[in-house]
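Based on the provided sequences and hints, a complete structural model is requested.
Residue numbers (my numbering), protein chains in the order written: chain A, 6 to 275; chain B, 38 to 289.
If you are wondering where the hints come from, they were derived from the structure by calculation, not from laboratory data. Some hints could be false.
Between beta-carbon pairs, the in silico distance windows are [stated by the list, open to error]:
no.: 1; chain 1: B; residue 1: Glu-169; chain 2: A; residue 2: Thr-249; range: 43 to 49 Å
no.: 2; chain 1: B; residue 1: Gln-63; chain 2: A; residue 2: Asp-63; range: 43 to 49 Å
no.: 3; chain 1: B; residue 1: Ala-104; chain 2: A; residue 2: Val-253; range: 35 to 41 Å
no.: 4; chain 1: A; residue 1: Phe-55; chain 2: B; residue 2: Ile-164; range: 45 to 51 Å
no.: 5; chain 1: B; residue 1: Thr-64; chain 2: A; residue 2: Ile-48; range: 34 to 40 Å
no.: 6; chain 1: A; residue 1: Ser-19; chain 2: B; residue 2: Gly-269; range: 54 to 60 Å
no.: 7; chain 1: A; residue 1: Arg-24; chain 2: B; residue 2: Met-283; range: 48 to 54 Å
Glycine is no exception: its CB is placed at the ideal position from the N, C-alpha and C atoms.
Given next are the chains, with one letter for each unit.
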Amino acid sequence: MITNSTADISGTGSLRTTRGVIVKFFEWFGNLTIFCARWARAIFTPPYEFREFVRQFDELGSKSLPLVALAGAATGIVLTLSTRDSLIRFGAKSFLPAVVVFSIIKESGPIITGLVVSGRAAAGIGAELGAMKVTEQIDAMEASAVNPYKFLVTTRVLACMLMLPLLTLVADFCGIVMGWVANTAAEPISLRLFVHDGLKDVTFNDFLPPTLKTVVFGLLIGIISCFQGMRATGGTEGVERAATNSVVLASLFIILADVLLVRLILVFFS
Amino acid sequence: MLSRQPKTSSTPPIQVQLLSKSFGEQTVLNGISLEVAQGETLAVLGRSGTGKSVLLKLIIGLHQPDAGSIRVHGEEVTNLSLKELNEVRKKVGFLFQQAALYDSLTVEENVAFPLRRHTRMSDDERIERVRELLRSVGMDQDGHKLPAQLSGGMQKRVGLARALALEPDILLFDEPTAGLDPITAAETDALILRLQKERHMASVVVTHDIRGARAVSDRLALMRDGEILIEGTFEDLQKSRDPFVMQFLNGS
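What follows is the structure, encoded as structure tokens:
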């Protein structure tokens with residue numbers, strides 16, 4: 006009897022916990038939807054915060070560029086070393102430049118850029134806006150009759166959306182060049198020949214859609230980090246939570262969005 | 038149905054009627070009413086966590102009330118669109134508890150922030166206006182510094198200069214002397230008093246510092262459990278036999 010009632014209590018407790026998690030999940034999505042609607046309205050309503058947009062664009066680019074270049078370069082090296090070994094086994098070594106270039110421009114470059122910027126910028130935006138929220142700076146902005154969705158959110162989201170494709174080009178470039186370096190270290194080949202072999206079958210459909218899909222990654226990074234930052238509560242702990250959640254959720258959503266976008270690109274641009 | 042009333046010269050700039058606000062299960066304000074006339078300063082006193090700051094944020098539309106009416110210059114702020122609300126906010130200065138200066142901007146840029154967005158001043162005019170505002174609060178030598186390089190008292194002065202930037206006729210002070218040493222607190226009170234005399238604004242000062250409240254205000258309202266327990270001059274409060282009022286005034 007005692008065992009049964011304990012089981013009942015424990016069962017009710019876990020049911021309540023599950024219900025709580027589900028309610029919180031839908032609440033989060035509902036608030037995110039409202040946030041997106043306010044952001045969308047702010048984009049199209051003047052005045053436009055052009056100076057702040059340029060500042061955010063510059064800051065995001067200058068701070069993310071070294072990391073993206075390094076990550077792109079490392080990806081190019083790793084891809085070349087591991088692919089070269091496999092291709093030699095199958096007697097298809099001459100395909101190496103094409104495999105490296107295709108891998109980088111179609112998938113590795115965009116996703117690596119998305120994830121690196123997510124780690125760098127999403128944490129920064131989440132922490133910055135979180136700190137502004139808990140120290141009442143966002144309230145002060147509203148009290149000054151300035152719309153924080155326009156000044157803080159729109160500028161950061163647009164900066165992320167426009168900067169991601171540019172950073173992807175940098176990652177692609179560094180990846181291809183370092184892929185050539187890694188290949189040359191094992192078996193010398195001219196850069197010109199490597200690039201020629203790599204790019205000869207590449208079309209705009211191979212290059213443009215994967216590069217431009219990072220606009221969606223930028224949108225996700227910007228929206229999620231701004232959303233998490235602007236709902237921060239509870240002092241430094243809240244700021245830390247906002248920064249961590251921004252990175253985790255932005256990275257997760259980028260990977261999930263990539264699955265969908267790769268499929269869409271295959272359907273429309275193959 | 039709450040409606041908008043035209044502004045008349047006799048309408049008090051701030052009118053709050055039967056205002057209630059709860060956060061979840063916790064009732065913060067429970068049907069409070071108050072008025073502040075032009076040129077008058079009302080100090081709202083009470084223990085920490087009694088909803089004093091929430092009252093100020095409701096007045097400026099940063100929170101939505103559950104019930105009641107808030108009129109600023111006759112405009113029912115609870116019914117306004119964001120655009121209309123922003124027009125009201127331009128006439129109201131707000132000094133936040135921790136000054137809430139923008140971390141990434143210098144002192145001058147903080148004060149220039151509302152001017153850049155809501156006036157058509159040239160760069161020279163704006164710089165001159167910012168320096169004049171900083172001079173009026175004794176911070177004209179620190180315009181290039183970042184907020185992190187300033188003490189708490191200095192941050193409050195800059196916050197005050199920013200609140201005055203658009204020449205508001207209403208000023209809301211959230212704990213203007215909290216966290217300051219007694220000398221800096223007295224200097225801040227003197228500054229508030231001087232600015233009020235010069236500019237003849239309607240002000241609400243939220244504080245738990247009875248000395249400061251007495252120094253800067255014409256009337257005081259003491260809050261308890263989300264309601265106004267007593268309202269009047271300091272002398273009126275002193276006459277009260279209510280144990281809470283006596284304890285609050287005497288500090289023991």
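Take a look at whether the Cβ-Cβ distance between Thr-64/B and Ile-48/A falls inside 34 to 40 Å.
Between Thr-64/B and Ile-48/A, where Cβ atoms are some 38 Å apart, the hint holds.
With 45 to 51 Å as the target window, see if Phe-55/A and Ile-164/B comply at their CB atoms.
For Ile-164/B against Phe-55/A, whose Cβ atoms are near 21 Å apart, the range 45 to 51 Å is violated.
Within 43 to 49 Å or not, the Cβ separation of Glu-169/B and Thr-249/A?
holds (44 Å)
Quick check: does the Cβ-Cβ distance between Arg-24/A and Met-283/B fall within 48 to 54 Å?
holds (49 Å)
Cβ-Cβ distance between Ser-19/A and Gly-269/B: within 54 to 60 Å?
With Cβ atoms ~56 Å apart, the hint holds.
If you check the beta carbons of Gln-63/B and Asp-63/A, does the distance land in 43 to 49 Å?
Holds - the Cβ-Cβ distance for Gln-63/B and Asp-63/A, about 44 Å, lies within 43 to 49 Å.
Val-253/A and Ala-104/B - C-beta distance against the hinted 35 to 41 Å:
holds (40 Å)
Comparing the model with each numbered hint stated earlier shows that hint 4 is the single one that does not hold.
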